[in-house]
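Visitor: Listed here are the chains, written in short residue letters.
There are 2 protein chains.
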Amino acid sequence: VTEKLSIAAAPGTVQGNATFVAGGLGAVRGLRCAGVSAGFRRNPQRKDLALVVTDAPALAAGVFTQNSFCAAPVQLSRYHLRNTSCPYGEEEKLKATGQGKRHSRAIILNSGNANANTGTPGLEIASQTAKLVAEQLGCDPFHVLVASTGVIGVPLSAELFQTGVPLAMAALGPSDASPAAHAAALDAAQAIMTTDTLPKQAAVQFTATQSDGLEVTYTIGGMVKGSGMIQPNMATLLGVLATDAWLNQTAMKIALQKAINLTLNRVTVDSDTSTNDSVFMLATGATPGKTINAACPLFAPFVQALTVLLEDLARQIAWDGEGASKLVTVQVTGAKDDKEADAAARSIANSPLVKTAIAGHDANWGRIAMALGKSGAQFEQEDVDIDLMGLAVCRGGLPVAFDEQEALRLFESEKEILINANLGTGGNGQARIWTCDLTHDYITINGDYRT
Amino acid sequence: VTEKLSIAAAPGTVQGNATFVAGGLGAVRGLRCAGVSAGFRRNPQRKDLALVVTDAPALAAGVFTQNSFCAAPVQLSRYHLRNTSCPYGEEEKLKATGQGKRHSRAIILNSGNANANTGTPGLEIASQTAKLVAEQLGCDPFHVLVASTGVIGVPLSAELFQTGVPLAMAALGPSDASPAAHAAALDAAQAIMTTDTLPKQAAVQFTATQSDGLEVTYTIGGMVKGSGMIQPNMATLLGVLATDAWLNQTAMKIALQKAINLTLNRVTVDSDTSTNDSVFMLATGATPGKTINAACPLFAPFVQALTVLLEDLARQIAWDGEGASKLVTVQVTGAKDDKEADAAARSIANSPLVKTAIAGHDANWGRIAMALGKSGAQFEQEDVDIDLMGLAVCRGGLPVAFDEQEALRLFESEKEILINANLGTGGNGQARIWTCDLTHDYITINGDYRT
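Protein chains in written order, with this note's numbering: chain L, 10 to 460; chain S, 10 to 460.
Quick caveat, the hints were computed from the structure, so don't treat them as lab data. By construction, the Cβ of each residue, glycine as well, lies at the ideal position given by its N, Cα and C atoms. Do not take every clue at face value.
What the hints assert, rightly or not - Across the chosen pairs, the derived CB separations fall in these ranges:
{"id": "1", "chain 1": "S", "residue 1": "Q137", "chain 2": "L", "residue 2": "G405", "range": "32 to 38 Å"}
{"id": "2", "chain 1": "S", "residue 1": "S15", "chain 2": "L", "residue 2": "E413", "range": "36 to 42 Å"}
{"id": "3", "chain 1": "L", "residue 1": "D347", "chain 2": "S", "residue 2": "G405", "range": "26 to 32 Å"}
{"id": "4", "chain 1": "S", "residue 1": "R55", "chain 2": "L", "residue 2": "D347", "range": "55 to 61 Å"}
{"id": "5", "chain 1": "S", "residue 1": "Q171", "chain 2": "L", "residue 2": "A401", "range": "30 to 36 Å"}
{"id": "6", "chain 1": "L", "residue 1": "G222", "chain 2": "S", "residue 2": "Q387", "range": "49 to 55 Å"}
{"id": "7", "chain 1": "L", "residue 1": "P175", "chain 2": "S", "residue 2": "Q387", "range": "41 to 47 Å"}
{"id": "8", "chain 1": "S", "residue 1": "T172", "chain 2": "L", "residue 2": "E421", "range": "35 to 41 Å"}
{"id": "9", "chain 1": "S", "residue 1": "N52", "chain 2": "L", "residue 2": "K13", "range": "50 to 56 Å"}
{"id": "10", "chain 1": "S", "residue 1": "N270", "chain 2": "L", "residue 2": "A167", "range": "25 to 31 Å"}
Just chain L, same shape as in the assembly:
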């Protein structure tokens, strides 16, 4: 396997109202990161415990997997964000009525073990982990969020957190967006990797004018991990996002859901939905400015910049999908509505036959037609146009002679394979989905994941 280069936007790239900057989460003032090796993974060289700590209580929000077999840390973090009732003892429940609702001081994430299908003992370990971090920070355990990723159905060791949490605390970088903060954020991004071959992080800045006429510049940064069991369902994979702005609760929740629906929820690697999907967002307020609410002039620019950031992270996930050699972007237009466009695009993006054809550099557009046809989206086959990498391959449902040599050349030279399908219904429905090809490496990676 040749080493993969990142597809992340380079610092300085401008997209919409946002400019990419270096440093990932480390670009955001008011929080500190660490990533250490704590023994969760067999390979002692690999980092496997990430910690993100804010200098002061940060506004927090989260979106979680819709999988019924959701893991213990998902149940715990949902509760700590007060999105659900208490999954464990009564004593804890009382604390939930306390101060600081929806604020967090820290997020602790381990790789190597998902703490899923582990029952009450698993919940107990997630709860102890939050307490361990809270003790170190002198805060309430409710202000600590927990996430795990890795193998399902294997008990997670509490001892590893007892030794690992102090290690991670000692390794925390500065909260000043300095190069040292960037380095610590990279450590954290590396610590949450599972079968990912690349750490995935990004940061953007945007400038906008407040209601009082003052111009402000905010940073939003984030890290995510892929790279298998990826088809988020109204939630998403493992990720931590942060901003140095300050928002009210409603604004942050709406912004996060809007941006995720357009980005992370439009990635599919293998159509499988994780038991552990969790994305957290923290607002530190470390950069002065007015509180952003859903009605203020800063809200739209904030959502736009957050969407740019998350689109870059979504593309990074698809590009680094298990075994992937290509990023595949599927764009469906001309559907009756956006929902039908989404079903059609997802059907293409999840078709093993489309994905193996791309892996084989085969412009077999008939399989794209097949995937459209089975999607349930309404259309007449004689109205459908398909383009592959910009080449017209199908017009009005019929083959178009195209230059197979040129197609092969594009397959060999392009990192990103673009599929465009226009359903020609006269409707304006459209959707974009990111995925990757299906290669031998996917089989190799997943044929012996546990062993």
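On the provided structure of chain L, position chain S as indicated by the hints.
Guide: Same frame as chain L, now just chain S:
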């Protein structure tokens, strides 16, 4: 690739009210088969044109793909069975009002080219093919059904039928269920193969008592082809079934739909639904007896025997799925209803992560739990039990210590991998789905299918 042995039931095997016999379609009296090499495939050694002809007009029924991009032969055959309005010229439409509605004399099937996404020219070629066969038989073109399988979006040559149909006519075997008839049926089953490594056919006999007290014995035989782009959706793959009984139209349609829903519609290789799925059934009436209608005492035994036959064919398809090394049978019980059980079983059977784990001989049941959780079926995770190859691996949503060495031994020795999941809802919903594992060979086969 080592040569695969068939998983078909051996002649003499008794299942329910049915006894397996040799000969496939060739076991059915009153019809003749042929399979010849007519140049549709590049390899001149491979048969690629199959013809099935009845001695007299046979009662006919068909079920077809639900893919919106359905192929020309599907449109034509649907029309010839009067399930749709005319897809082509007005002149033909008039004939549709004529005699012999729902009767057929012949089915012509080619492999190597699906005649899909080929527009009006493709429809014209399918129509000409029916006429060619009709001329040879001296019957109406409406009494000829057409099916194609192979690559999508490539024009099909009319000339190959002009030379191929007379060749196939000349090669037709006898209609007397003799060894020569068996050999001709095997030729036909070979001619419809695409990426199949084995021809797939079966035949059963059953004995039952008519309303007049007379005991009758009927034969039902069939051939099908897999082996990729297989997830039938209220229709199925390419297949021809026949019986020497005589039924009325309603009884045959109900019997076919009932049996298919329990068998062929419960196979999935790769979750992709073909543009060309067609299953035809012919009743020759060559063995004397009363007409079977949906109310007579013969109907239930007929449906039962047909279901036994189709279950065997369904298992053959899953076993010979593209690249498959294992037949995987997924059984879900304890769901709220059968529909939820079906969704849960299909979610497991289509999960690339479950299928690669089986290919890797890895008892990674956490992925089975994940697939249940994303299926949308309602259950509480603490009520779920999972067994893998008869080993209890999960009880009440929690891991059970099991003998990993025994699991490995079973993975290595068993052709069929059984997954049982009980959702524990207190409901009686259950479903069974057949699939196969996902191996490197699937990628190899589909990475360069056209080239």
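Visitor: A separate judgement is required for each hint: does it hold in the structure or not?
Guide: Here is what the structure says about each hint:
1. At about 22 Å, the CB distance of S:Q137 to L:G405 disagrees with the hint of 32 to 38 Å.
2. Between S:S15 and L:E413, the C-beta spacing of about 38 Å keeps the proposed range 36 to 42 Å intact.
3. Between L:D347 and S:G405, the C-beta spacing of about 41 Å breaks the proposed range 26 to 32 Å.
4. For S:R55 and L:D347, the Cβ-Cβ distance of about 46 Å falls outside the hinted range of 55 to 61 Å, so the restraint is violated.
5. The beta-carbon spacing between S:Q171 and L:A401, approximately 32 Å, falls within the hinted interval of 30 to 36 Å.
6. With their beta carbons about 54 Å apart, L:G222 and S:Q387 fall inside the hinted range of 49 to 55 Å.
7. Between L:P175 and S:Q387 the Cβ separation comes to about 43 Å, which falls inside the hinted range of 41 to 47 Å.
8. For the pair S:T172 and L:E421, the beta carbons lie near 39 Å from each other, so the given range of 35 to 41 Å is met.
9. A hinted range of 50 to 56 Å is violated for the C-beta pair S:N52 and L:K13, which are about 38 Å apart.
10. Between S:N270 and L:A167, the C-beta spacing of about 50 Å breaks the proposed range 25 to 31 Å.
Checked against the numbered hints above, the structure breaks hints 1, 3, 4, 9, 10 and satisfies the rest.
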